[in-house]
Amino acid sequence: MSTIKQNPFRVPHAANLLDTEIDSYWVDLGDEGGFEQIFRPSSLMPMIILGGKGSGKTHLMRHFSFELQKIRSRGDIAKTIRDEKYVGIYLRASGLHASRFKKNGEHSAAWTNLFAFYVELWFTERLCAVIADIFPEDGRAVIDSQPFLSAVLSLFDWNPFEAPATWNDLVSGIAALRRNLDMAINNCFTDQPPDTRVLCSRGSLIFGIPKLLAVSIPEVFDGITFTWLLDEYEHFHATAQRYVNTLIREKQQPATFKVGVRLWGIYTYETFSNEEVLKKESEYEELQLDQRLRSSDAYPRFAMNIVRRRLENAGWQGSDDDVHLAFEDQQTAWEQSLRTWKGTEKRPWMEKLQKHLENHRERLSLGIQSPEDVVKILSTIQVPTDPFLEKLNTFLLYRAWSEKKNLVDAALKISLSGQLYVSQPKGTEQEKAALKFKGDLLAQMRRNLQLPVIYTGFEDFVQMSSGVARSLLVTLKKIYDEALYSGERLFEGKSVSGGAQSRGVAGASEWFFEDVLIYGEEGLRIRAAIERLGRLFRSLRFSEKPSECSLNSFSFDPNSLSSGSSRLIETAVRWSVFIPQKDRLDRNSNMPHRLFRLSGMLCPKFELPLSSRGNIALSGEEIDMLFSTGSNGSKSEAEKQFVKIIDERLSRCSPPFGISPQPTQPDEPNRDDQLELFGSV
Amino acid sequence: MINSNYLGAYSRYLRHQRDCFTFDQLRTTEHVYDRYISAYTLADRVTVLASVIQAKQKHLLALAEYRFLTTELGNDCISMPEGNESTVIDGYLASHPLEPGSTIAVDITGFLRPHLLFLLKRLYEFGLSTVHLFYAEPKAYNAGNRTVFSYGRIDDVRQVAGFAGSHTSTLSAEMLIVGCGYDTRLIRAVAHEKLRARKVRVYPFPALQPHMYQENRVQVHSCQEDFDPYEDQFFAPAYDPFATAMAIERFIGNFPGEISDLFFSPLATKAQVIGFGLFYLDHIAAFPAASIVFPVASEYSKGTGQGLAEVWRYQFKYVRKPDSFVPALGK
Chain F
726 MSTIKQNPFR VPHAANLLDT EIDSYWVDLG DEGGFEQIFR PSSLMPMIIL
776 GGKGSGKTHL MRHFSFELQK IRSRGDIAKT IRDEKYVGIY LRASGLHASR
826 FKKNGEHSAA WTNLFAFYVE LWFTERLCAV IADIFPEDGR AVIDSQPFLS
876 AVLSLFDWNP FEAPATWNDL VSGIAALRRN LDMAINNCFT DQPPDTRVLC
926 SRGSLIFGIP KLLAVSIPEV FDGITFTWLL DEYEHFHATA QRYVNTLIRE
976 KQQPATFKVG VRLWGIYTYE TFSNEEVLKK ESEYEELQLD QRLRSSDAYP
1026 RFAMNIVRRR LENAGWQGSD DDVHLAFEDQ QTAWEQSLRT WKGTEKRPWM
1076 EKLQKHLENH RERLSLGIQS PEDVVKILST IQVPTDPFLE KLNTFLLYRA
1126 WSEKKNLVDA ALKISLSGQL YVSQPKGTEQ EKAALKFKGD LLAQMRRNLQ
1176 LPVIYTGFED FVQMSSGVAR SLLVTLKKIY DEALYSGERL FEGKSVSGGA
1226 QSRGVAGASE WFFEDVLIYG EEGLRIRAAI ERLGRLFRSL RFSEKPSECS
1276 LNSFSFDPNS LSSGSSRLIE TAVRWSVFIP QKDRLDRNSN MPHRLFRLSG
1326 MLCPKFELPL SSRGNIALSG EEIDMLFSTG SNGSKSEAEK QFVKIIDERL
1376 SRCSPPFGIS PQPTQPDEPN RDDQLELFGS V
Chain A
544 MINSNYLGAY SRYLRHQRDC FTFDQLRTTE HVYDRYISAY TLADRVTVLA
594 SVIQAKQKHL LALAEYRFLT TELGNDCISM PEGNESTVID GYLASHPLEP
644 GSTIAVDITG FLRPHLLFLL KRLYEFGLST VHLFYAEPKA YNAGNRTVFS
694 YGRIDDVRQV AGFAGSHTST LSAEMLIVGC GYDTRLIRAV AHEKLRARKV
744 RVYPFPALQP HMYQENRVQV HSCQEDFDPY EDQFFAPAYD PFATAMAIER
794 FIGNFPGEIS DLFFSPLATK AQVIGFGLFY LDHIAAFPAA SIVFPVASEY
844 SKGTGQGLAE VWRYQFKYVR KPDSFVPALG K
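Listed in order, the protein sequences are those of chains F and A.
Per this note's numbering, residue 726 is the first one in the first sequence, and the count goes up by one each step.
Per this note's numbering, residue 544 is the first one in the second sequence, and the count goes up by one each step.
Hint data in this document are derived by calculation from the structure and do not stem from the laboratory.
Backbone N, C-alpha and C fix where the C-beta goes; we use that ideal spot for every residue, glycine too.
Be aware that a few hints might be false.
[To be verified] List of simulated lysine to any residue pairs, SDA-like, C-alpha gap at most 20 Å:
| id | chain 1 | residue 1 | chain 2 | residue 2 |
| --- | --- | --- | --- | --- |
| 1 | F | K730 | A | D775 |
| 2 | F | K1365 | F | T1354 |
| 3 | F | K827 | A | S709 |
[Unchecked claim] To spell it out: a stretch of chain A is covered by chain F in this simulated footprint if at least three of its residues, at any positions, have a beta carbon under 8 Å from a beta carbon of chain F; those stretches are:
| id | segment |
| --- | --- |
| 4 | 700 to 711 |
| 5 | 731 to 739 |
| 6 | 756 to 769 |
| 7 | 815 to 828 |
The task is simple: from the sequences and hints, build the whole structure.
Here it is as structure tokens:
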């Protein structure tokens, strides 16, 4: 029996988790020495941890924070610090409300100075709290000593307050300083900064106090790295980042920085230090977290461990097999059910083919002399006992049509080959087509039968998540909710139904789309591009003769791209919506092309395959059109332009093949594929 | 969970007064204010209200974010420069100072939320006893739950001028209370900004019109992932700032000493914005770790409502200088 009382995949934001939950949900990466080897918390080399939203940056950084060190220490925190050789001081940039300091004009430098002072106080307040936590109330002689407190105070350029009697007084004094600064800033409604004296120099406290601790209390801090863990760095605007970049550049032992930031969140690498730029490898190292996870063979194992840890914390005990069973792949079962389908009614794909043949004005050129020939073609390729084979046959017939062959003859050949396919599939046209297009044709069949495209199976969900653990958790959470809503009992030895899995996946895909892009003009443009690309891929996938199998990728000649589109594509990569693939040679031009795949999380929204095989080459002009929006973000004009592109490409994959249809209007719902164009399915 | 003692407590917000009028009733009112201030939009409810309220001076502020064409502006309109709400409102008040003791009518309907909050702060300092706020209800929104209220970029989620508190740098117990309107882009943006906070939704209920509650829920459901766990919610009337302030007061009263940092983001009706602002101004002295945050979009729709429903008038009845006491705060 399942002992799970509530959805175990809830609270997917690590930021929302309690310290104890961060600890209990922690899962290490199984390869390369785990995350400790990757993160190297005691290394003095600063690190910028880049990752898409939900890639695990916060969980990783909090795992290495003092609060988690304390949980791991089981009472003797000083020993843990000595063993681990670092103290992690975790801060979230969002908590500072840096936008208060963002002023243009003649006073901007004064505001930057004020920001610098605020940062000193803000960091110091956290460090002081951590130090207070290391030393219990009855063991504070060393930090309560007057020489030590005086030494800390002497790090200020001016005496900030009266000499504190205890460490607690010092902490209160610094907190009061910061609060007063807050009040002064918050009540300043002009560009003129408040009349506040900056009491310390750049880095004097942030680097000075760790140095002092190492010298004054060597029994705890000698050889210990003070690792500032600054998370959510994207919340600092460019000038604020420039200031922190300067601190990173000018870091002084024994302190260092690990900065967590979204892929798009670094606005500048400049510093105030001689106007120089922060240098990768020599002044900081970069960890691209989701890319690292995506490319790691250990990711599927890591993903499974995350899921099992969630389930175990919810009171469930089971194995990998149980997880696979719960989220079982239903595609194969559905495929099997087709083999025994006893439906006697005419299949939708046959009806559609009949309509196409009957309506085609140039039937004669295809060898169709009379209505009887149409009936003959249909009866030749139909296979009442095997709907999938029948679908393959229609695909092959459309292919023959696109090659302008005599369809009566072609139907006969297809039928003969089909008969062979049943007994000896190897080498038949059907086998070759199935090898490449099986997934797409099955998806078409489901759609023809007005069934949703299936997205099931734990492995598929891991693949969808593209290295972003939170995407996987949200997917499972949605599936869990859908299953409960349908009255299914989970983790009790049965699989979640295909319907609940697919609905959950669709919900997760919609969430990802809505969630990932909300900020800025670029966000609007990238959103438009995702929608258009998704619709283009979907139109092609569900066309009668898809040009590419498993289509969710596009390529382009980088030289053909405008600078604007080039920048937007890079941004889309940073937002994790386009996943870069290995560059390739274009089969037509033989020119090197850059290749990108649409994020797996977005594929279900557009009923696209998760696995990627085919791709379409887009011209620079087409890519420009992908991203174009009118003024105010309106898409109407750009939309019409893009519809033309879809029409043009679709004409090569749908009867009558290669003859461009009349231009379509967005509000014209007559054509079958028109539904595709406007995303109404 | 619920602090029953607190539920029984008297609330200061019961003192204030709200009245509901039809437009025809307002037309027959003979009261003449010294000044009428409104934020101009193309919505009938704003323009008609401006014509029926009598005042010696009428100032219809045309806020830059609405991107009005010159031909859209009437004679009473004052074009405001683009800028932070404090710059805009203080700029207006500097060029048109309020005379002590003067009676002021403010139509809050068309104001952008940050500007409305900052104006409220200035009026609060001026003394609210001679200020009447008006809020005109629409019969429906233009496109139901798909009505677009803001568009363009959302560049920043920031503290509203005059409503910025002093927050701790510790891993504190943050709470974010979001007034949930139709504009889920804004809701999502603010929820993303305050990832760590315990997020609470305030639904406008009763809504301005019965169907609006349904539309509102449908919209907000699309960002449920941002409010996980999804249970934290309470209700406050869409048209009543005082009941809104009281509902906030009571909700926070359920967490005595548990909140270290408090963030508000009133994204529903302007009447609720006033409720959030009033609560903030009444309590900030006792609890400085509180801010109102707002996701700033680059442009806003110039008129979203259809039809003229009722008009609410809000009067403030402070019997003494606002004090500050909420048991939950001050951890």
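Hint-by-hint comparison with the structure:
For the hint pairing F/K730 with A/D775, the CA-to-CA distance comes to about 19 Å; that is within 20 Å, so the pair holds. Taking the CA atoms of F/K1365 and F/T1354, the gap is near 11 Å; set against the 20 Å cutoff, the hint holds. Distance hint between F/K827 and A/S709 is fulfilled; the C-alpha atoms sit about 17 Å from each other, no more than 20 Å. With 9 residues having a beta carbon nearer than 8 Å to a beta carbon of chain F, the segment 700 to 711 of chain A meets the requirement of three or more and the stated coverage holds.
With 7 residues having a Cβ less than 8 Å from any Cβ of chain F, the segment 731 to 739 of chain A passes the three-residue criterion, so the hint holds. Note: the segment 756 to 769 of chain A has 4 residues with beta-carbon separation from chain F under 8 Å; the three-residue rule is met and the coverage holds. Counting residues of the segment 815 to 828 of chain A whose beta carbon lies closer than 8 Å to any beta carbon of chain F gives 0, which falls below the threshold of three, so the coverage claim is violated.
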